[in-house]
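Trainee: Model the full assembly from the supplied sequences, consistent with the hints where possible.
Chains as they are written, first to last, in numbering that gives the first Met the number 0: chain A, 0 to 162; chain B, 0 to 265; chain C, 0 to 257.
It should be emphasised that the hints constitute simulated quantities derived from the structure, not laboratory data.
Heads up, the beta-carbon is just placed ideally off N, CA and C, and yes, glycines get one too.
One thing to keep in mind: the hints can contain errors.
Derived CB-CB ranges, DEER-like [to be verified]:
| # | chain 1 | residue 1 | chain 2 | residue 2 | range |
| --- | --- | --- | --- | --- | --- |
| 1 | B | HIS10 | A | ALA11 | 51 to 59 Å |
| 2 | C | LEU253 | B | GLN52 | 38 to 46 Å |
| 3 | A | ALA11 | C | LEU250 | 14 to 22 Å |
| 4 | C | LEU165 | B | GLN52 | 48 to 56 Å |
Example chain B residues on the side facing chain C (calculated, C-beta under 8 Å, incomplete) [unchecked claim]:
| # | residue |
| --- | --- |
| 5 | PHE86 |
| 6 | LEU92 |
| 7 | ARG133 |
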Amino acid sequence: MANSRFSLLTEAAVGAMMLLGGIALFFLAMQVSNLGGFKRVSGYQVEARFDNIGGLKVRSPVTMAGVRIGEVSSIGFDATTYEAVVTLDLLPEFNQVPTDTFAKILTQGILGEQYIGLDPGGSEQYLQQDSEITMTQSAFVLEEIVGQFLFSKAEESATGGGF
Amino acid sequence: MSALVSIRNLHFSRGDRAIFNGVDLDIPRGKITAIMGPSGTGKTTLLKLIAGQLVPDQGEITVDGQRIDQLSTKELYALRTRMGMLFQSGALLTDLNVYENVAYPLREHTGLPESMIRKLVLMKLEAVGLRGARYLMPAELSGGMARRVAMARAIALDPMMILYDEPFTGQDPISMGVLVDLIRRLNDAAHLTSVMVSHDVPESMSIADYICVISGGKIIETGTPEQLSASNNPWTHQFIHAESDGPVPFHMGAPSKEVDFLGIDE
Amino acid sequence: MNWLASIGHRGINVLRNLARALLLLLAILRAPQGLVTRFREFLAQLYSVGVLSLLIISVSGVFVGMVLGLQGYYILSRFAAESTLGVFIAASLVRELGPVVTALLFAGRAGSALTAEIGLMKATEQLSALEMMAVNPVSRLLVPRFFAGLVSVPLLAAMFNALGVLGGYFVGVGLMDVDAGTFWAQMQSQVDFNKDIINGVIKSVVFGVICTWIALFQGYEAVPTSEGISRATTRTVVHSSLAVLGMDFVLTALMFGD
Numbered sequence: 000m001a002n003s004r005f006s007l008l009t010e011a012a013v014g015a016m017m018l019l020g021g022i023a024l025f026f027l028a029m030q031v032s033n034l035g036g037f038k039r040v041s042g043y044q045v046e047a048r049f050d051n052i053g054g055l056k057v058r059s060p061v062t063m064a065g066v067r068i069g070e071v072s073s074i075g076f077d078a079t080t081y082e083a084v085v086t087l088d089l090l091p092e093f094n095q096v097p098t099d100t101f102a103k104i105l106t107q108g109i110l111g112e113q114y115i116g117l118d119p120g121g122s123e124q125y126l127q128q129d130s131e132i133t134m135t136q137s138a139f140v141l142e143e144i145v146g147q148f149l150f151s152k153a154e155e156s157a158t159g160g161g162f
Numbered sequence: 000m001s002a003l004v005s006i007r008n009l010h011f012s013r014g015d016r017a018i019f020n021g022v023d024l025d026i027p028r029g030k031i032t033a034i035m036g037p038s039g040t041g042k043t044t045l046l047k048l049i050a051g052q053l054v055p056d057q058g059e060i061t062v063d064g065q066r067i068d069q070l071s072t073k074e075l076y077a078l079r080t081r082m083g084m085l086f087q088s089g090a091l092l093t094d095l096n097v098y099e100n101v102a103y104p105l106r107e108h109t110g111l112p113e114s115m116i117r118k119l120v121l122m123k124l125e126a127v128g129l130r131g132a133r134y135l136m137p138a139e140l141s142g143g144m145a146r147r148v149a150m151a152r153a154i155a156l157d158p159m160m161i162l163y164d165e166p167f168t169g170q171d172p173i174s175m176g177v178l179v180d181l182i183r184r185l186n187d188a189a190h191l192t193s194v195m196v197s198h199d200v201p202e203s204m205s206i207a208d209y210i211c212v213i214s215g216g217k218i219i220e221t222g223t224p225e226q227l228s229a230s231n232n233p234w235t236h237q238f239i240h241a242e243s244d245g246p247v248p249f250h251m252g253a254p255s256k257e258v259d260f261l262g263i264d265e
Numbered sequence: 000m001n002w003l004a005s006i007g008h009r010g011i012n013v014l015r016n017l018a019r020a021l022l023l024l025l026a027i028l029r030a031p032q033g034l035v036t037r038f039r040e041f042l043a044q045l046y047s048v049g050v051l052s053l054l055i056i057s058v059s060g061v062f063v064g065m066v067l068g069l070q071g072y073y074i075l076s077r078f079a080a081e082s083t084l085g086v087f088i089a090a091s092l093v094r095e096l097g098p099v100v101t102a103l104l105f106a107g108r109a110g111s112a113l114t115a116e117i118g119l120m121k122a123t124e125q126l127s128a129l130e131m132m133a134v135n136p137v138s139r140l141l142v143p144r145f146f147a148g149l150v151s152v153p154l155l156a157a158m159f160n161a162l163g164v165l166g167g168y169f170v171g172v173g174l175m176d177v178d179a180g181t182f183w184a185q186m187q188s189q190v191d192f193n194k195d196i197i198n199g200v201i202k203s204v205v206f207g208v209i210c211t212w213i214a215l216f217q218g219y220e221a222v223p224t225s226e227g228i229s230r231a232t233t234r235t236v237v238h239s240s241l242a243v244l245g246m247d248f249v250l251t252a253l254m255f256g257d
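Mentor: Printed below as a string of structure tokens:
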């Protein structure tokens, strides 16, 4: 056809737009959203048991000194001990986490998402695949704290005041 | 000789305005029939009614034995492949060049191979004398050339009938002459039936076999050009001989001169 | 009595137009084979509707992202929450601004052009000529344009979003010294693929349909005079914008209301 050159250009431009759109969608999926977010480059799993995990979720971050070193890969429940069993997926480059590390469930800001913060101990031995973190601190549940506070106040006034 | 198009008791109105009020008309096969009348009498509307683009309020229109106002869309489209229509502006598709415009109906309605389409398109363009303009875009054509390309497109599928909507309006004398000549030649060479709507009296008189004068929603007179120029119907006489005053008054209805110019109250 | 009648008259007109628009949409959807037989036309329309809108969409995306970065930083830094800047930018773009602003720009850039094109074809009798050549103008003209719009808008919105995030990154990380790792990590942990990205894409598909549909309807029904076409073009932009914003509210309520 006479205008084949024009239509070739048109087709190339349309193809470029399709490609750019595809790249943009891929970028949104992999870089912006949680789909590809945290690369799973075969880290190692360790377990931690908590009395109460509060609002912790699968994929919640695991940090040490504020740096993200892994994420929560699964949350289970032990029916005999009534504890929550949380599996942490730690990145392979952080392979020198002492065995006596202390795991706490913390909250970002006052009302933010919950995450696991690790405080390193002093042991020379390091956590490995399927190790267990024994020292844990449960989630800070606002209602319980408030309840405890009120209860202790009431007790105080009952014993101390006496009128 | 039978009529290709026959119209019986046609009534049509737009809103409250009646455009046709009981029109009867037969258009014979193989001839050029001109429908004439002053501007605004609904000549183009009549063409659209014949082509089935509009549906009459009352009455019947038969084209080649088929009641056009009762056809399904599919049947109507089948019938239209055997009709060509030349619009006032040419109505070429502005995104295609001349060649593609003429090839368009062929590509749409025939499965012909490209080499065949090429031959047909060049033949049709040759017939209107524009084989050399095949790569031009419609915007590069003069009004007369655009109409000729549109004619080539209208005859691309070798129709039985062509409808011309004001083919001479706004043309210079040369391209007017070309168009007059083309309409006559195409009609005779391809055994077409031509229906032409026009208000250009001398051109229409020179090529039409029959002329039908309409005004006020009715047919005033029908006949050959000779019969009409000898007509003693005062209305036809005024129209054919282009007189400024007659049954159609020069002055539009107005208050009397005394009121307007002398300020006299009646 | 008179004003009651005039309200009734307007109401009937609105309903009649809606019904005609619906019929046109049905006619378009009933002839999708036009897409296959007129694939070249479809490509050409993708070019004029999509590719030609790329520039305005890209530039707007970058600037909207940069503004979000600045405003977000000013507000969030007051609460020492700059770390959530990435979330703020990405969520507002992906959920709302991307689809909505893209659709509004599309209505102005491509929708008005579609209306003018179809309206002008009507005024120059090209639509009638097609009908007289026994070619259905809906499948020849409207179907390729409709689907080109439907495909273009989500692609354009995705580009708008991606460039917006990059613009926000440039301001937040490049100029305001937010930590790059936190910027992305927070974004990734808070923006959900299914809930946010997919819903955003669904929104932009719906907006694409609305904008193209309105543009084609206005062109097809335009009064074939210069004034009629200019009015129709204006109506396209106004109606599309209102419909997109209204529909956005409905979709947001349906999608994010849990």
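Trainee: So, for every hint listed, does it hold in this structure?
Mentor: Hints and how they fare:
1. Range check, HIS10 of chain B to ALA11 of chain A: about 57 Å between beta-carbon atoms, so the 51 to 59 Å window is met.
2. Taken as a hint, the range 38 to 46 Å holds for the pair LEU253 of chain C and GLN52 of chain B, whose Cβ atoms sit roughly 43 Å apart.
3. For the pair ALA11 of chain A and LEU250 of chain C, the beta carbons lie near 35 Å from each other, so the given range of 14 to 22 Å is not met.
4. The beta-carbon spacing between LEU165 of chain C and GLN52 of chain B, approximately 53 Å, falls within the hinted interval of 48 to 56 Å.
5. With its C-beta approaching chain C no nearer than about 4 Å, PHE86 of chain B sits inside the 8 Å limit, and its interface hint holds.
6. With a least beta-carbon distance of about 6 Å to chain C, the hint placing LEU92 of chain B at the interface is held under the 8 Å criterion.
7. Taking 8 Å as the C-beta cut-off, the interface hint given for ARG133 of chain B is violated, the closest approach to chain C being about 19 Å.
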